[in-house]
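Visitor: Protein chains in written order, with this note's numbering: chain A, 1 to 261; chain B, 1 to 355.
Bear in mind the hints are in silico, worked out from the structure with no lab data behind them.
There may be inaccurate statements among the hints.
As the list claims (entries may be wrong) - For each label pair, taking beta carbons as the anchor points, the in silico distance ranges come out as:
| no. | chain 1 | residue 1 | chain 2 | residue 2 | range |
| --- | --- | --- | --- | --- | --- |
| 1 | B | Lys10 | A | Glu72 | 28 to 36 Å |
| 2 | B | Leu43 | A | Asn93 | 51 to 59 Å |
| 3 | B | Ala39 | A | Phe145 | 45 to 53 Å |
| 4 | B | Ile300 | A | Asp144 | 52 to 60 Å |
What the hints assert, rightly or not - When the alpha-carbon atoms are kept at most 27 Å apart in a straight line, the in silico DSS-like pairs for lysine-lysine are as follows:
| no. | chain 1 | residue 1 | chain 2 | residue 2 |
| --- | --- | --- | --- | --- |
| 5 | B | Lys197 | A | Lys138 |
| 6 | B | Lys347 | A | Lys98 |
| 7 | B | Lys347 | A | Lys113 |
| 8 | A | Lys113 | A | Lys76 |
| 9 | A | Lys153 | A | Lys138 |
| 10 | A | Lys98 | B | Lys10 |
| 11 | A | Lys5 | A | Lys24 |
| 12 | A | Lys113 | B | Lys10 |
| 13 | A | Lys153 | B | Lys345 |
To be verified - Residues on chain A that point at chain B, a partial pick, calculated with CB under 7 Å:
| no. | residue |
| --- | --- |
| 14 | Ile6 |
| 15 | Gly7 |
| 16 | Ala83 |
| 17 | Arg89 |
| 18 | Gln92 |
| 19 | Phe97 |
| 20 | Lys98 |
| 21 | Thr112 |
| 22 | Met114 |
| 23 | Glu132 |
| 24 | Arg136 |
| 25 | Ala255 |
The model shown is predicted, which means the values in this text are computed figures rather than measured ones.
Backbone N, C-alpha and C fix where the C-beta goes; we use that ideal spot for every residue, glycine too.
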Amino acid sequence: MSGRKIGDVILDLQNISLRFGGVKALTDISFNVREHEVRAIIGPNGAGKSSMLNVINGVYHPQEGRIVFHGEERRKMEPHKAAKQGIARTFQNIALFKGMSVLDNIMTGRITKMHASFLEQAIHFGRARREELEHRHKVEEVIDFLEIQHIRKTPVGRLPYGLQKRVELARALAAEPTMLLLDEPMAGMNVEEKQDMCRFILDVNDQFGTTIVLIEHDMGVVMDISDRVVVLDYGKKIGDGTPDEVRNNPEVISAYLGVAH
Amino acid sequence: MLYREAGQFKTSYAADQQIFPIRQDRIGILIILAIAFFAVPMLFSEYWLKAILIPFLIFSLAALGLNILTGYAGQLSLGSAAFMAVGAFASYNFMLRVDGMPILLAFIGGGLAAAAVGIAFGLPSLRIKGFYLAVATLAAQFFIVWLLTKVGWFSNYSSSGVITAQDMEILGYRFVTPEAKYLLVLAIVVVLALLAKNMVRSSVGRAWMAVRDMDVAAEVIGIRIMHTKLLAFAVSSFYCGVAGALYAFAYIGTVEPEGFSLDLSFKILFMIIIGGVGSISGAFLGAAFIVLLPIALDVIVQQWLAGVLPPSVSSNLQLIVFGGLIIFFLIVEPHGLARLWQIGKEKLRLWPFPH
Ligand SMILES: Nc1ncnc2c1ncn2[C@@H]1O[C@H](COP(=O)(O)OP(=O)(O)OP(=O)(O)O)[C@@H](O)[C@H]1O
Ligand SMILES: [Mg+2]
Numbered sequence: 001m002s003g004r005k006i007g008d009v010i011l012d013l014q015n016i017s018l019r020f021g022g023v024k025a026l027t028d029i030s031f032n033v034r035e036h037e038v039r040a041i042i043g044p045n046g047a048g049k050s051s052m053l054n055v056i057n058g059v060y061h062p063q064e065g066r067i068v069f070h071g072e073e074r075r076k077m078e079p080h081k082a083a084k085q086g087i088a089r090t091f092q093n094i095a096l097f098k099g100m101s102v103l104d105n106i107m108t109g110r111i112t113k114m115h116a117s118f119l120e121q122a123i124h125f126g127r128a129r130r131e132e133l134e135h136r137h138k139v140e141e142v143i144d145f146l147e148i149q150h151i152r153k154t155p156v157g158r159l160p161y162g163l164q165k166r167v168e169l170a171r172a173l174a175a176e177p178t179m180l181l182l183d184e185p186m187a188g189m190n191v192e193e194k195q196d197m198c199r200f201i202l203d204v205n206d207q208f209g210t211t212i213v214l215i216e217h218d219m220g221v222v223m224d225i226s227d228r229v230v231v232l233d234y235g236k237k238i239g240d241g242t243p244d245e246v247r248n249n250p251e252v253i254s255a256y257l258g259v260a261h
Numbered sequence: 001m002l003y004r005e006a007g008q009f010k011t012s013y014a015a016d017q018q019i020f021p022i023r024q025d026r027i028g029i030l031i032i033l034a035i036a037f038f039a040v041p042m043l044f045s046e047y048w049l050k051a052i053l054i055p056f057l058i059f060s061l062a063a064l065g066l067n068i069l070t071g072y073a074g075q076l077s078l079g080s081a082a083f084m085a086v087g088a089f090a091s092y093n094f095m096l097r098v099d100g101m102p103i104l105l106a107f108i109g110g111g112l113a114a115a116a117v118g119i120a121f122g123l124p125s126l127r128i129k130g131f132y133l134a135v136a137t138l139a140a141q142f143f144i145v146w147l148l149t150k151v152g153w154f155s156n157y158s159s160s161g162v163i164t165a166q167d168m169e170i171l172g173y174r175f176v177t178p179e180a181k182y183l184l185v186l187a188i189v190v191v192l193a194l195l196a197k198n199m200v201r202s203s204v205g206r207a208w209m210a211v212r213d214m215d216v217a218a219e220v221i222g223i224r225i226m227h228t229k230l231l232a233f234a235v236s237s238f239y240c241g242v243a244g245a246l247y248a249f250a251y252i253g254t255v256e257p258e259g260f261s262l263d264l265s266f267k268i269l270f271m272i273i274i275g276g277v278g279s280i281s282g283a284f285l286g287a288a289f290i291v292l293l294p295i296a297l298d299v300i301v302q303q304w305l306a307g308v309l310p311p312s313v314s315s316n317l318q319l320i321v322f323g324g325l326i327i328f329f330l331i332v333e334p335h336g337l338a339r340l341w342q343i344g345k346e347k348l349r350l351w352p353f354p355h
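Work out the full structure, taking the sequences as your base and the hints as a guide.
Guide: Here you go:
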């Protein structure tokens, strides 16, 4: 791929197990993510892919295992702490703030970087006023980057599905994350929208060096854009390696690629 | 305020982020304020100021408080009247027990006391939502009124907890005439409304709406849910508390805890449903509507329908109309009058060429 250099391991997941009552969503899963890489997680429906992302940024707390992020070791993350440490994400089912405009949704993405006190905000003076402007500039950069200038002021609820997905990406990018978790960013899109989304993801990775962990069902896309792929099936890891390695792994072929996709 | 904002292109983000970005809105607000401060006290009779405009402003403030909590932060509450009671009784006690207490400080103290109580009763919101939270705030409503009646200290041991608000005096000027009281209430409400408008267009307001719309995503973005919800309870209760203090000091003078009953909580809830959930102007529209509707209905019944309607109907007409309107707004236009007004403006802007 491009000139970006894949760095050291920044996220290491060790022996993660997650259960919901009797349902074993994840069983003893270990893998790592290197700085600046595009890491894909694939697997059939219900394999535990979304659960894995939820463990990474602390929405779910695994019963067993360890998470090491930037050298810091812990059993579980807390979502707002993960955000502070530079992890942003999008959701499989769009999770935009539907009562707010596109601009406000994206501005909300910068919330961890805004420090004006509540009283300063109430009188809209000094730091509060300055911050709103500074962050608006940043947000406009993201808006330009994702080419959504024309819908800035639109309530997100009125947007078509493909654009909503793009706004959700914008909200995540506004946080200037070092690691971006994308849960099926291209699901339900037409070919053209998928191509746009692919281009944006690669541009983010390329221009900002953002590490990307991505779940995707479209095998063509996965093989094209990812550096390494983890394959899950029934909550277990059955493959891990470069797209080529994974493609030729017999267990993966029978479990996943074998079924019509 | 019907106009088109054609030709107003923003050349900087600062211009786009003003409190009222459209020039006509700014002018409109200034005109309304000028009328409210200068024309109204001269044009309206004492009766109107005392019996209609002052309560309208006070209810607007309470509705604004509830709208911050319910409309912006998405936490349903049936305890608004109880928080008003806390504000009224706390301000009364500050005046009573602190020598030389300035009245404005007593109002702020009343608001802060209500905020503290609001935070305490907001704690269940960290665990429960929607209907169950409404029931928890209902408990607050009954408990607070009961406590204020039961513990004599709050009302300085008067019978059945009645308090008589002290005189309002600022820098030697005593607010006794309806005009003076109206202007004092108006000034307080305008300042608090502007502060609220600033809050909802800043990051705290976005955090409230984010928690309302999608709490998991809000948390993942880095919003601390607990902090955000409790802040909404605090600010909301502060506004209700100040409204309660004004209700006692500037409106009825003598109140008992029972005056802040569940009925009043519901009335405030109806105001935001009719006026517009999640809108500052909606609080004012809703309060105006609910204060004026009974008067308008009385006039209609007496002037045109006298003898036409059976007395059983005309005496319940208010309730019937309220019920109908609330069902209408809940089903047809959940964003209330504020949204209808906006739609009307959009339609007129295109008129007469709808395409
Ligand atoms: N919050 C939850 N409560 C109970 N069970 C859950 C929860 N979240 C996930 N599961 C279960 O965990 C298993 C893995 O689900 P997960 O959503 O992670 O799969 P997935 O690989 O993302 O599937 P898909 O491709 O359909 O999105 C499923 O059996 C699911 O029912
Ligand atoms: Mg999934």
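Visitor: Give a verdict on every hint.
Guide: These are the hints, each one checked on the structure:
The beta-carbon spacing between Lys10/B and Glu72/A, approximately 44 Å, falls outside the hinted interval of 28 to 36 Å. Between Leu43/B and Asn93/A the Cβ separation comes to about 56 Å, which falls inside the hinted range of 51 to 59 Å. Range check, Ala39/B to Phe145/A: about 51 Å between beta-carbon atoms, so the 45 to 53 Å window is met. Taking 52 to 60 Å as the suggested C-beta distance range, the pair Ile300/B and Asp144/A conforms, at roughly 56 Å.
The suggested pairing of Lys197/B with Lys138/A holds, with an alpha-carbon distance near 23 Å, which does not exceed 27 Å. For the given pair, Lys347/B sits about 23 Å from Lys98/A by alpha-carbon distance, which is consistent with the 27 Å threshold. As the CA atoms of Lys347/B and Lys113/A are separated by approximately 39 Å, the hinted pair breaks the 27 Å bound. Taking the CA atoms of Lys113/A and Lys76/A, the gap is about 23 Å. The hint holds against a cut of 27 Å.
For the hint pairing Lys153/A with Lys138/A, the CA-to-CA distance comes to about 16 Å; that is within 27 Å, so the pair holds. Annotation: proposed proximity of Lys98/A to Lys10/B holds, straight-line Cα distance about 25 Å (limit 27 Å). Taken as a hint, the Lys5/A and Lys24/A pair is broken in the structure, with Cα atoms around 37 Å apart against an allowance of 27 Å. Distance check on the hinted pair: Lys113/A and Lys10/B sit about 26 Å apart at the alpha-carbon level, within 27 Å; holds.
Note on Lys153/A and Lys345/B: the hinted pairing holds, with a Cα-Cα distance of about 17 Å set against a maximum of 27 Å. For the restraint placing Ile6/A at the interface with chain B, the shortest Cβ-Cβ distance is roughly 26 Å, beyond the 7 Å limit, so the hint is violated. Hint on Gly7/A is violated. Least Cβ distance to chain B is approximately 24 Å, over the 7 Å limit. Satisfaction of the interface hint for Ala83/A is found here, the shortest Cβ-Cβ separation to chain B being roughly 3 Å, below the 7 Å cut-off.
Evaluation of the Arg89/A hint against chain B yields a held restraint, the C-beta minimum of about 6 Å falling below 7 Å. Below 7 Å, beta-carbon pairs count as interface contacts, and Gln92/A has none with chain B, the closest being about 12 Å; its hint is therefore violated. For the restraint placing Phe97/A at the interface with chain B, the shortest Cβ-Cβ distance is roughly 4 Å, inside the 7 Å limit, so the hint holds. Annotation: Lys98/A was flagged as interfacial toward chain B, and the flag holds, the nearest CB pair being 5 Å apart, inside 7 Å.
For the restraint placing Thr112/A at the interface with chain B, the shortest Cβ-Cβ distance is roughly 4 Å, inside the 7 Å limit, so the hint holds. With a cut of 7 Å, the hint placing Met114/A at the interface with chain B holds, because the nearest CB-to-CB distance is about 5 Å. Proximity of Glu132/A to chain B holds as hinted, the smallest CB-CB distance being about 6 Å (cut-off 7 Å). The interface hint given for Arg136/A is met, as the beta carbon of that residue sits about 4 Å from the closest beta carbon of chain B, less than 7 Å.
About 30 Å separates the beta-carbon of Ala255/A from the nearest beta-carbon of chain B, more than 7 Å, and the hint is not met.
Of the hints listed earlier, those the structure fails to meet are numbers 1, 7, 11, 14, 15, 18, 25, in rising order.
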